[in-house]
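Visitor: If you want the building blocks of each chain, they are given just below.
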Amino acid sequence: MTTRDFIQDRIDHLDKRENLLEIRNLKKYYPVTGGFFKRTIGNVKAVDDVSFAIRRGETLGLVGESGCGKSTAGRTILRLMKPTEGEILFEGKDITRLSGSKLQKARRDFQMVFQDPYASLNPTQMVGDIISEPILNYEKRNKKELEQEIKTLLKRVGLPEEAYYKYAHEFSGGQRQRIGIARALALHPKLIVADEPVSALDVSVQSQVLNLLKELQIEFDLTYLFIAHDLSVVKHMSDRIGVMYLGNLVELASNKDLYKEPLHPYTQALISAIPEPNPAKRKERIVLKGDVPSPQNPPAGCPFHTRCPVAMEVCSQQKPVLVEVRPGHQVACHLY
Amino acid sequence: MLKYSIRRLLGMIPMLILISIVVFSLAKLMPGDSLSGEIDPLNTSPEYIAEMREKLGYNDPLPVQYFNWITGFVQGDFGKSTRFKIPVFDLILEKVPNTLFLGVTALLITYVMAFIMGMYSGRRPYTLGDNAIAGFNYVMLAIPSFVAAVFAIYIFAFQLNWFPFAGSVDILAQEGSLEYYLSRMHHVLLPAIVLGAMSTASYTQFLRNDIIENSRKDFVRTARAKGTPMKKIYNVHILRNSIIPLVTFLGFDFAALIGGAIITETIFTYPGIGQLFLESVTSRDYPTLMALTMLLSFLTLFGNLLADILYGVVDPRIRLD
Amino acid sequence: ACGDDDGSSESGSEGGSSDGEPQEGGTLVYGLDAPPEGLFSSAFYGIATDFEVIELFDEALISYNENLEPEPNVASWETEDNKVFNFTFEEGVKWHNGEELTVNDWVFAFETIADPDYDGPRYTNVQTIEGAEAYRSGDADSISGIEVVSDYEINITFDEARVNNLTNLWAYPLPESVLGDVPVAEMSASEWVRSTPIGIGPFKVDKIVPGESVEFSKFDEYWNGDVNLDKIVLRVIDNSSVVGALQNNDIDMISLQPVSGPEVEPLENVEIVTYPGLTYYYVGFKLGKFDNESQTISEELPKYQSKELRQAMMYALNRQEWVDAFFFGYADVVNKPVPSSHWNSADDSELIQYEYDPEKSKQMLEDAGYVDTNDDGFREDPNGDEFVVKFSHYATGNPTFESRAQQIAQYFEEVGLRSEVEMVEVNLYYDMVEKDDASIETFFGGWGTGTDPDPSGLWKADQLWNYPRYNNPEADQLLDDALDIEIVGTDQEKRKELYVEWQKIVNEDLPMLYIAELKEIKALNTRVGGVEYDVSGQNSPAEWFVTE
Amino acid sequence: MASSTTITQQKKPERSLSPWQIARRKFVRNKLAMISSCFIVLVTLMSLSAPFLAPVLSPLPDISKVNIGAMNIEPNSEHLLGTDKSGRDVLTRLFYGGRISLLVGFSATLMVIVLGTLVGALAGFFGGMIDSILMRFTDFVLNFPFLVFVIVLNTILYGIVDSLWVLIIVIGALSWGGVARLVRSKVLAEKENEYILAALSIGCSPFKVITKHLLPNVISTIIVQGTLIFATMIVIESALSYLGFGVPQATPSWGNMLSSANEPDVLQGKPWIWMPPAIIITLTILSINFIGEGLKDALNPKSLR
Amino acid sequence: MTAYGINESTPLLRVKNLQTGFKIDGDYYNAVEGVSFDVLPKQIVGVVGESGCGKSVMSLSIMQLLPNGVGKIRGGEIEFEGQEISKFSDKKMNDIRGKDISMIFQEPMTSLNPVFTIGYQIEEVILNHEKLTKKEARLRSVALLKQVGIPRAEQIVTEYPHQLSGGMRQRVMIAMAIACQPKLLIADEPTTALDVTVQAQILELMKGIQEANDMSIILITHDLGVVAEICDEVLVMYAGKIVERAFVDDLFSSPKHPYTELLMKAIPKMDEDVEELATIEGLVPSVINMPQVGCRFANRCPKAMAECLTVTPQLAKVDNRHEAACLLYEESWPNGEKRERQGAATL
Ligand SMILES: Nc1ncnc2c1ncn2[C@@H]1O[C@H](COP(=O)(O)OP(=O)(O)OP(=O)(O)O)[C@@H](O)[C@H]1O
Ligand SMILES: Nc1ncnc2c1ncn2[C@@H]1O[C@H](COP(=O)(O)OP(=O)(O)OP(=O)(O)O)[C@@H](O)[C@H]1O
Ligand SMILES: [Mg+2]
Ligand SMILES: [Mg+2]
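These protein sequence lines map, in sequence, to chains A, B, C, D and E.
Residue numbering for the first sequence is 1 to 336, as defined by my numbering.
Residue numbering for the second sequence is 337 to 657, as defined by my numbering.
Residue numbering for the third sequence is 658 to 1205, as defined by my numbering.
Residue numbering for the fourth sequence is 1206 to 1510, as defined by my numbering.
Residue numbering for the fifth sequence is 1511 to 1857, as defined by my numbering.
Simulated from the structure, these hints should not be mistaken for lab results.
Please note that the accuracy of each hint is not assured.
To list a few chain E residues with every Cβ distance to chain B over 12 angstroms, as calculated [stated by the list, open to error]:
(1) K1526
(2) R1648
(3) M1815
Residues of chain A clear of chain E, computed beta-carbon distances all greater than 12 angstroms [stated by the list, open to error]:
(4) K27
(5) N43
(6) I95
(7) E161
Partial list, computed: chain A residues near chain D (C-beta under 8 angstroms) [claimed, not checked]:
(8) I88
(9) R107
(10) M112
(11) L121
(12) P123
(13) N137
Every residue gets a Cβ at the ideal spot worked out from N, C-alpha and C, and that includes glycine.
Take these sequences, add in the hints, and give me the full structure.
Guide: Shown next as structure tokens:
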């Protein structure tokens, strides 16, 4: 079976596979403190009532502008933070309220790849230690064996064996990102949340990492939550895409549907704003007015109505909910 | 900002109360009292001492003593110095102008010197001049203030005879006359330089490094791209940024200088708060000691507040409310 | 009476090389090596430094000669029984504010000091006046023993006849004209005491910079003759700067600490003058414990009860060497607890000299049973137990104290007594010594005495300040007798005999090891003249002068 | 073909330098810091070997003994730095004094660093309530007038505990506030780095996150701060001793050796007594500062990237 | 240098064989090596390339804003309006900077001085070059802010940079850059730090201003999409050298240099589904170990030949609308030396 066949096969079977992760009404508010006594004087509603599910083996992409709550969502889902409200079901088990050693145990199954390849590796650790640490956190292992295993893993992500003895500062961004991926893979997790894994990388390196992630998915039957602000990257990677705006999921659709027929005005603007690297295909662009409002006091009603070119009366009063307007295509907009 | 200041001032109260309790307990825990040093058959009798102990309330239960002290304290009655027999308030008031003068002069010297040297070094890093200034500053930083004071007296007062070695003013100068103020200046200069030397050195280096760091900032490149001359960039763009941390030090200096004056004033026999403090320790003058300690604590807290307020004033990015 | 071999050359010595003709005018700079506390009233001051300042602008009604015998100054007196005294004041004596001095100012002083609100330490000097106690307790409106005859004449009756009633009596007037309206409780803090004090001396205070300097100027209406100087400026300078200040002609005269002596001596422009002081140092033994309630010695401590041990320890000390090393010749070895300048001091020929003699010391220790039984190089006590001389000394910032104490301990070690030095912070030290703290076994001390030669307060068994807890009824009786007017009358010779007798006893008993008495040292710039010192202090500043 | 050889050379497997090794290299290359280190090592060695050196260097090696016959001797061939007012050899005392000054400085520094790091790391890492409580307490310690506390505590504990340790404990207990704040802010900053999040996500316990990930990255700051504090502690010790509130007089320390400058005869007349300690204190502080600067340079995380 | 293209007007800026080096451990290493190009009036020239390939250094060289004492122009000429400016003193450059040539930078967050008001910072550039009163300058800056589409301009001038969002700050930077109607604007990655929707706004704005003010722009970016959107001509840089130069349409329709080709294939496209993206293995060599002979891309190039390591290709016209520096094209061989085919020995 060629890779291509394999992928086709995977996509065909996706619909039939069960949900690996299910998010229900997830909210994450950061308290804003002020005054001498550090009272909470407000909330940053970084993630505000988001629900979706990811099937085993699927890649769900999350896009949105900076500050819209993508990372927060990712981190909350992995329980690196306590959600304010909502439920997170992993393989049907509720992990929302886990804590302490139970949570630690559960973490085996979901890992993260981080955005900043420079800040996400401990500069005082040898690469070998960085990658073997997760394993040693859960199992007692023979040192020699483990080293061999790590070296194999290093090779798998495209790094030389010698990297084992080096320190992160000796690697380029792309290589560091590979180390980060190897660390995430070390435990053979079921879910990987990749939080803008390529946004700090050059185009040429970006493609290497994207390719690697795709290969690994097939090889290890991984499930990805892939976060990025670059729609084309997300589209390249994902089976389905969620578009976030100001803490809200405004549209969720399959890769193809979203590009062919974006329903939400924000998604439309987002797609049209992407510079087209082909002068022959220059298109009409929807240029939005103004900036993203502060999540600390988001506009009432639809969060997008302040910038929306087709805003209506109702948009400023009522917050639209995510509804399935086509099969597999959900959108939160009063137009539908 | 006013609201902020008031809130902060109110916030100091618990801290001050806590400190007052500790100060009081410590004073009470100290062996001996102000009368144990007074044993001298020329002047005193054991009966007198016993009587004075009773009269001064040293025999009351501790909570009562504390309560009496603290209630008096908040009403501005700091008690009576057991040594000088006058209200501590008056005693402190008498010394404060000297210390203030010393402190302000030291600050002035510190800041003026630091600015001159720091800006020079910052503009021309790694040159001969910069290295010379850095060398000088390292030595200044390394000499503890008491060593510096001893050296300064030895060299400038005795060997070179440039400065007086003691006192705050020449008694012969007529108060209010020019000569009087010159004399005060002359007396305060050496201790002020010693007192300010360490800060001068560290501020100079700080300013230098900050200027160098700021001169690498993007906004400097922007200013250059606008065609702004280098000189103006240094004197306006960079300096304005480098001043911010330096100005906020002012708040901390405020208390630190008075604390630092303890040694300097003592060595230079400069009659101020610091000297008073040390003497009140040696002579077990608890009312004075406690009042001064509270004063220093308050100044420290106040200095912190001042630093924060100054920060808000000089740095537009900080908003206090 | 000062029968020291070299005493005469020093007592009554005159300062300054320009002892020629007194000159009019000029300013003298007077140095103080510690800041005064600012209580510039004889009734209120607490430390000697303040008194040094007071002496420059005020004087006592009675003065003392070089034998510490009272002499008339403003007041002259008559008495028949040492109980009732009749005093007559000079007329025309002016306070600095222009008011005339009368006996009422003295009465005012008595009443102030005897007032219940009085917070100074001088009540003992008034207590003996008849009716003072009643006045103090509020039972009487006035002191019954005081009878004002006229503005210039006053009779004072004491509660009983004592030989030292006069020397003990408070002899400074207080200016009623300025302090009369001030409540006694507020007096010590009043500006009349602190910033604008007045007196009757040859100089008046112009200005005071607290803790730093005082400016005096000539008082034109001074009662007792001409005043030479125009001004005296008193400056406070730090100890460490004294030598430099003298060298630079920044100060004209100052009291020196012995340690500065050798530094100042070579200076061309400065002359050193010494005169006998009233302070002596000793090493005390704790022989018992004092009970404050009953005012008696309640318990005897065994460790140092052996007189032979104490004497042996005395012989072990090379006091001359010690004094030379730490006082640079500005102190003399003594064998008695009475300053040599006092008229009642016993001549050395009558006392055991305790010349340094380690061999004798060792022999005496052997004889007393202190032998080294376990060959550790140190002696054990007669019971064969470890014997350690625990020697306590007060500690201040001055490092010399530690060396001094260490050296004394070394002397003991040299005769085979294991010694330990403990330095105790000074405030704590006197508390511990006074309270007979168990950790104090032998201790270093110093006493200064006043003009009154009576040592009772420091030596009798019922006195708190008898720190060694020396308990010898025979000796106490001698002290009582010497004050008993029935026994001695007004005969000074008779008194002296009793005191000498007493000194012989304590010289032999050695409840403390007498070490040395200090000389007072003054440094004078050579341009200063007319200054004289004796054991009673300096002559009147009126006679001082400077040449340019 | 120069380029191809370099390529092959680069590919040669070698165990590479850890950030610490890089820092050490940089430090060793820093001349001033190296000279300073040598000086400090020398001073430390001399202090440590004082009991052995003293009999060689001085005819009066016992510093506890007063030598009444050898007081105030000017420097000569026998007493290289002269003797002091108690007839004790100044050079010998200088060595012994170093023991005390360095011991006090070092122990107090250790205490300050340990306490400060503990409080700062806990407050910074856990935040919230723990942070608030710890930081209020730190404020309290910081706001306390240091000198009073030291003097008073030192006086109170006098005689109860060995006074040297009293001093160390008192200084240490009162000086950690600054370190705690620094460590806290550093931890807060470092905590923002994703590798801490990564450590959590790979299942490290909070304890492990602090000790294995956070502290190693904060430690360079702590080390640099530690050197500077070491200098400060030596100054504090000598200043207190100078004022008579520190080490008891019988034990020589640089500070109380210097305190003899307070005496009227010494400052002017016997400079050999006070100048050596003054100079050695200054040189020591200077060296420590240079070492601190060197370490700061060498450990600068920017140079790792 | 071969002039190519159809536009016959004289260039506004002509860079010839520019070499800029950095002092590292006492030695100079060239970060820009022999770069030559023209910018014609009213032209938008895009510069693309991977991070570290020398784009910023090149633009800073033109402005003479290289870090003092570290960076230095070591050779070549920079002609602006016929004047050779590369040797100008700082003082003389100050008359040009901000007036004739201005520049905006990547980081709108840090490029503004945090302690001065927006108004002050815009006025500064005006007052640097024109004799105006403060008041006039203030009016002008308000007008400029309005021009770049900032609402509440009158109020914004009194505010500080931290009170503005990233997009607004970049607009302020643009306002500052066009305050004196410069003839050339150098924009060093002006939109990289911004969100896509904001980026679109800013690009729109720049394009509009360019047309209104008749200025030329050198637009530096690593985003080929941005180049395609607004540039007329493109320079592709690799490791300090220009490897390809072409009009935008030509570059995208038929890239000549393998590097450009790979770069374009590496970007995921919205409208195409490729399972695997093209990649360029290896890294841009650092300035310290830059190969001195041969093609600098050779060790990463899938089409590399043996000669690529020994023969340094020259930027030359490979067809009439295209310049490239690659030995695949005979024109790139030095001295017009024809390539001697040595079989298909690829590395
Ligand atoms: N620890 C925090 N405390 C308070 N607010 C926070 C915190 N972390 C993030 N936020 C705020 O929450 C909002 C969402 O942040 P988040 O990092 O999830 O956005 P993002 O979509 O990942 O943005 P980016 O693309 O820049 O990474 C932002 O407004 C941010 O300022
Ligand atoms: N101050 C400097 N000191 C030393 N080398 C430098 C300095 N600035 C830049 N360089 C080097 O010059 C080369 C080119 O850097 P430049 O900043 O021009 O790259 P760039 O193409 O603008 O990259 P980016 O897309 O990251 O901005 C790089 O290899 C860099 O390491
Ligand atoms: Mg994010
Ligand atoms: Mg760049």
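Visitor: Tell me if M112 (chain A) is really an interface residue toward chain D, meaning its C-beta lies closer than 8 angstroms to one of theirs.
Guide: The hint holds - M112 (chain A) has a Cβ within 8 angstroms of chain D, the shortest such distance being about 5 angstroms.
Visitor: So is E161 (chain A) really clear of chain E, every C-beta pair being over 12 angstroms apart?
Guide: 17 angstroms, holds
Visitor: Does the claim that K1526 (chain E) lies outside the interface with chain B hold up, using a Cβ gap greater than 12 angstroms?
Guide: Answer for K1526 (chain E): holds, closest chain B Cβ roughly 23 angstroms.
Visitor: Hold the hint about R107 (chain A) up to the distance rule: shortest CB distance to chain D must be less than 8 angstroms.
Guide: 5 angstroms, holds
Visitor: Minimum C-beta separation from R1648 (chain E) to chain B exceeding 12 angstroms: can you confirm that?
Guide: 16 angstroms, holds
Visitor: Taking the minimum C-beta separation from K27 (chain A) to chain E, is that value above 12 angstroms?
Guide: Its Cβ never comes within 12 angstroms of chain E, the nearest being 24 angstroms, so this holds.
Visitor: So, N137 (chain A) near chain D? Judge it on the closest CB pair being under 8 angstroms.
Guide: At about 4 angstroms, which falls below the 8 angstroms cut-off, the nearest Cβ of chain D leaves the hint on N137 (chain A) intact, so it holds.
Visitor: A cut-off of 12 angstroms on Cβ-Cβ distance, and N43 (chain A) was said to be off the interface with chain E. Does that hold?
Guide: 20 angstroms, holds
Visitor: Would the least Cβ to Cβ distance between M1815 (chain E) and chain B come out above 12 angstroms?
Guide: 42 angstroms, holds
Visitor: Does I88 (chain A) meet its interface restraint, that is, does its C-beta lie within less than 8 angstroms of any C-beta in chain D?
Guide: 14 angstroms, violated
Visitor: Regarding the hint that L121 (chain A) lies at the interface with chain D, is the smallest CB-CB distance below 8 angstroms?
Guide: 6 angstroms, holds
Visitor: With 8 angstroms as the cut and Cβ atoms as the points, is P123 (chain A) at the interface with chain D?
Guide: 6 angstroms, holds
The structure shown violates just one earlier hint, number 8.
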